[in-house]
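Colleague: Residues per chain, in single letters:
Protein chains: 2
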Amino acid sequence: MSELHLLSPKGFRAGGAYAGIKTRKVNDVGVLACDTLATAAAAFTTNKVFAAPIAVGRQHAADGKLRGLVINSGNANACTGKRGLQDANEMCALAAAQLKCKPADILPGSTGIIGHHLPMAKVRRGIVEASQNLGNSSEHSIAFNDAILTTDTRRKFAAARLKLGKQTITLTGICKGAGMIGPRLALAQARRSGGVKPQGRHATMLAYILTDAQVSAPALRKLLQPAVNKSFNSVTIDDHTSTNDTAVLLASGASSGKINTIAAAKAFLEALTELCQSLAQQIAADGEGATKVVRIDVTRAKTDRDADLISRSIANSPLVKCAMHGNDPNWGRIVSAAGMCGASFDPDRATLTLQGVEVFRRGQPVPFDPATVSELLAAKEVVVKLDCGHGKSSHTLWTCDLSKEYVTINADYHT
Amino acid sequence: MSELHLLSPKGFRAGGAYAGIKTRKVNDVGVLACDTLATAAAAFTTNKVFAAPIAVGRQHAADGKLRGLVINSGNANACTGKRGLQDANEMCALAAAQLKCKPADILPGSTGIIGHHLPMAKVRRGIVEASQNLGNSSEHSIAFNDAILTTDTRRKFAAARLKLGKQTITLTGICKGAGMIGPRLALAQARRSGGVKPQGRHATMLAYILTDAQVSAPALRKLLQPAVNKSFNSVTIDDHTSTNDTAVLLASGASSGKINTIAAAKAFLEALTELCQSLAQQIAADGEGATKVVRIDVTRAKTDRDADLISRSIANSPLVKCAMHGNDPNWGRIVSAAGMCGASFDPDRATLTLQGVEVFRRGQPVPFDPATVSELLAAKEVVVKLDCGHGKSSHTLWTCDLSKEYVTINADYHT
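Protein sequences, first through last, are from chains A and B. If you count by this note's numbering, then the first sequence holds residues 56 to 470, one letter each, in order. If you count by this note's numbering, then the second sequence holds residues 56 to 470, one letter each, in order.
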């Protein structure tokens with residue numbers, strides 16, 4: 056599927072422009088349009104401190120219909136009060152004028168420096184320019200993709216093709232995110248406007264997923280939340296939930312593939328979940344200062360909540376993250392992280408493997424050669440598997456190691 | 056009170072010895088004895104993965120009576136199975152033989168490398184030697200104090216004198232702890248034995264507090280938990296709860312001061328809490344790689360639980376800790392940490408001050424000179440105060456900054 060790109064699903068066009076918001080000369084405004092009114096589902100940050108485009112986006116996505124997206128990077132339009140809300144609404148109005156639709160059919164998104172008003176002269180120019188060069192080639196995909204990146208060191212893309220009977224539908228997605236990553240996304244009804252948001256550089260997670268399937272808005276909503284839970288809500292870099300986190304799923308309906316049976320919905324959900332998980336993994340791999348992805352597999356926990364708590368406690372322990380950075384098979388930090396999080400956990404029932412090597416079994420250390428396991432931990436992808444031996448619940452979480460570079464990136468910045 | 060030392064309260068003697076458990080030639084075995092049976096209260100880690108001396112200690116402290124303490128550093132006696140329990144029990148028996156009391160009247164404590172059996176030949180020699188040079192001078196205090204230190208860069212001591220009517224009582228305490236610090240201590244009844252514990256270097260929190268007041272064991276229990284909650288349970292370096300965390304309070308009753316009225320109990324609790332808070336602060340200041348203490352004051356939260364959640368969310372955010380390290384007045388990270396933790400929080404009611412400078416007020420950024428605030432943040436003690444404007448609950452938490460040195464310390468160690 057190497058030939059697939061964001062705009063491979065039928066019915067979408069996109070464009071990007073460099074408007075001068077970012078200092079680095081890379082596109083910073085993007086517009087994405089569906090040829091007709093798409094069905095849509097969107098999940099937003101649950102941080103009680105949320106940005107202006109989140110407040111506007113919640114309202115615009117509430118009816119499950121969208122014609123397009125308008126996004127900018129280099130400025131999060133957060134901590135910007137009433138003018139921020141006006142600006143987010145104006146972005147929608149400008150894109151709507153170009154696409155000849157209602158402003159309420161446009162979903163806005165912003166990421167970048169916060170605590171500053173958007174430079175609207177530049178944004179206006181950027182929206183017009185991006186709208187005037189819409190297309191559906193791979194170059195157009197890249198032009199839009201670049202417009203959502205900030206501290207990311209690379210683009211993140213995933214795709215799937217799915218046979219529904221004789222029809223083939225296509226799913227594609229892009230995302231951004233490198234720091235301030237601990238998303239807790241939830242689908243939401245429209246809420247009252249969002250007040251003022253925090254200041255300072257941060258790195259929101261944004262994910263835009265497209266499909267050409269025919270699928271109703273209620274079905275899309277039902278499919279997005281479980282996929283998000285097993286992917287974006289299961290990636291943590293620093294467990295800091297951003298003010299701007301957003302994941303959007305648009306269905307153009309331009310293919311003949313219909314999600315109108317339980318079997319089709321199941322197949323679609325599976326493909327969507329895998330796609331989102333690939334994006335989540337790419338976020339972890341591009342984590343600020345990260346040298347590796349660490350996958351935490353917790354199995355046989357007593358309850359789903361226990362599996363979730365245990366995996367997060369391990370993934371967010373700075374001691375575990377540092378050990379992973381140093382290729383140190385320090386399993387005591389992992390087992391004690393499981394024991395400290397309030398979940399049901401009995402070390403006498405638990406078994407821990409690092410990269411497939413058993414190091415702890417039912418409360419007893421298993422003799423192993425530290426040098427061998429340390430070498431295995433030097434991989435780009437590390438799997439930590441904790442079998443709790445306690446029940447039937449499992450959870451998988453992606454994280455990364457904690458390096459000096461993370462400290463450099465986040466301590467050396469001055470507001 | 057500069058003349059006070061750990062053994063200033065009447066009725067206690069202590070000694071230390073170098074038995075060769077630690078490679079650095081500093082005392083690693085300590086014995087502390089009360090002349091008579093002391094009333095006692097002890098709080099232990101709530102980690103479900105707990106060490107052998109915790110399992111034994113819970114049983115020995117359950118009746119509220121202790122004659123003494125036997126401790127070692129350099130080896131945590133954790134992840135040591137049944138033999139570990141035997142060893143912890145033998146340590147008590149050896150000390151009891153020296154002090155001519157029952158083994159069940161001795162509380163054991165261990166800290167250091169884990170996943171290894173105690174070198175009992177050395178430990179035995181150390182206990183005999185430490186017991187044979189008991190005394191109550193400041194040199195004896197230091198000899199015992201040094202025997203609990205591992206990665207600590209300095210001793211930690213606090214003391215108070217309290218007038219109860221015409222009588223004066225004395226309270227003193229020492230503690231250790233530098234990493235793997237996120238204590239969640241609770242007083243406990245005896246439990247079944249503890250199985251096997253994690254391997255690898257770690258740095259438990261141990262606190263030993265002495266008083267010569269006359270106070271009943273039930274009263275002591277009631278006093279210790281609230282003092283611990285506002286001190287040791289309110290310090291976090293990496294939010295990683297150790298397997299060996301312990302705080303013990305021994306009352307010799309050797310003074311004429313009695314805690315037998317509500318007023319006396321209140322005065323005692325206040326002094327005890329302040330003493331424990333001083334020790335907790337000293338732990339934060341000596342945190343691995345720390346360059347400063349950061350005090351998080353959350354006020355006017357909706358509930359006690361909200362105040363606790365918000366202060367911990369701020370203190371444990373790597374982004375906040377890195378900003379503190381870089382003297383960066385990045386208040387967005389602080390406000391968003393408050394918004395993401397699940398507590399009731401409304402940015403439109405909140406006010407944030409950094410070192411006394413208001414930077415955010417009721418949802419609006421307050422203009423300030425970043426250079427000036429950055430200079431203020433370069434202090435050894437930084438105060439972050441978040442007024443939630445929402446209720447009546449408050450919580451104070453001590454933490455430290457996150458530096459590259461923390462990563463070096465914790466990534467470069469190999470099991």
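These are calculated hints, taken from the structure and not from any lab test. Among these hints, one or two may not hold up.
When chains are identical, the list treats them as one kind, so a pair holds in a single copy or across two.
Computed list of lysine-lysine pairs in PhoX-like fashion (alpha-carbon distance at most 25 Å, straight line) [as the list claims (entries may be wrong)]:
1) K459 <-> K435
2) K447 <-> K313
3) K459 <-> K347
4) K447 <-> K120
Colleague: Compare the structure with each hint and give your call.
Modeller: The hints, checked one at a time:
When the C-alpha separation of K459 and K435 is checked against a cutoff of 25 Å, the pair qualifies both within a copy, at 17 Å, and between copies, at 22 Å. In this assembly of identical chains, K447 and K313 lie within 25 Å of each other by CA distance neither inside one copy nor across copies; the values are 34 Å within and 55 Å between. Both within a single protomer and between protomers do K459 and K347 lie at most 25 Å apart by alpha-carbon distance, with minima of 14 Å and 18 Å respectively. Taking the shortest Cα distances, K447 and K120 never come within 25 Å of each other, neither inside one copy (38 Å) nor across copies (43 Å).
Checked against the numbered hints above, the structure breaks hints 2, 4 and satisfies the rest.
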